[in-house]
Amino acid sequence: VSEEKEVTEERLKAEQEAFEKKIRQLEDQNVLIVKEREDILYFKKLCLKWGVGGSRELTARN
1 VSEEKEVTEE
11 RLKAEQEAFE
21 KKIRQLEDQN
31 VLIVKEREDI
41 LYFKKLCLKW
51 GVGGSRELTA
61 RN
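If you're matching positions, the sequence shown starts at 1 in my numbering and goes up one per residue.
Among these hints, one or two may not hold up.
[Claimed, not checked] Straight-line distance between alpha carbons at most 27 Å, and here's what the computed BS3-like set of lysine-lysine pairs gives:
no.: 1; residue 1: LYS35; residue 2: LYS21
no.: 2; residue 1: LYS5; residue 2: LYS21
no.: 3; residue 1: LYS13; residue 2: LYS35
no.: 4; residue 1: LYS5; residue 2: LYS22
no.: 5; residue 1: LYS22; residue 2: LYS35
no.: 6; residue 1: LYS45; residue 2: LYS35
Derived from the structure by calculation, the hints contain no laboratory data.
Keep in mind it's a predicted model, so treat the numbers as computed, not measured.
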């Protein structure tokens, strides 16, 4: 019984570590998403300031 308990504890510890690693990965991903969103909003603001209207006009300039 104590051997089963030890195996279960090891398995739970491994699962917890994997879960915590996944949480860190998702937190890092969220940081990137927020940064990309801020960049897009800033770019949109600049486009409006410069009078660049739609996506067709942006594509034509590239």
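Structure-based check of all given hints:
no. : hint          : result
1   : LYS35 / LYS21 : holds, 21 Å
2   : LYS5 / LYS21  : holds, 24 Å
3   : LYS13 / LYS35 : violated, 33 Å
4   : LYS5 / LYS22  : holds, 25 Å
5   : LYS22 / LYS35 : holds, 20 Å
6   : LYS45 / LYS35 : holds, 15 Å
Of the numbered hints given earlier, the model fails hint 3 alone.
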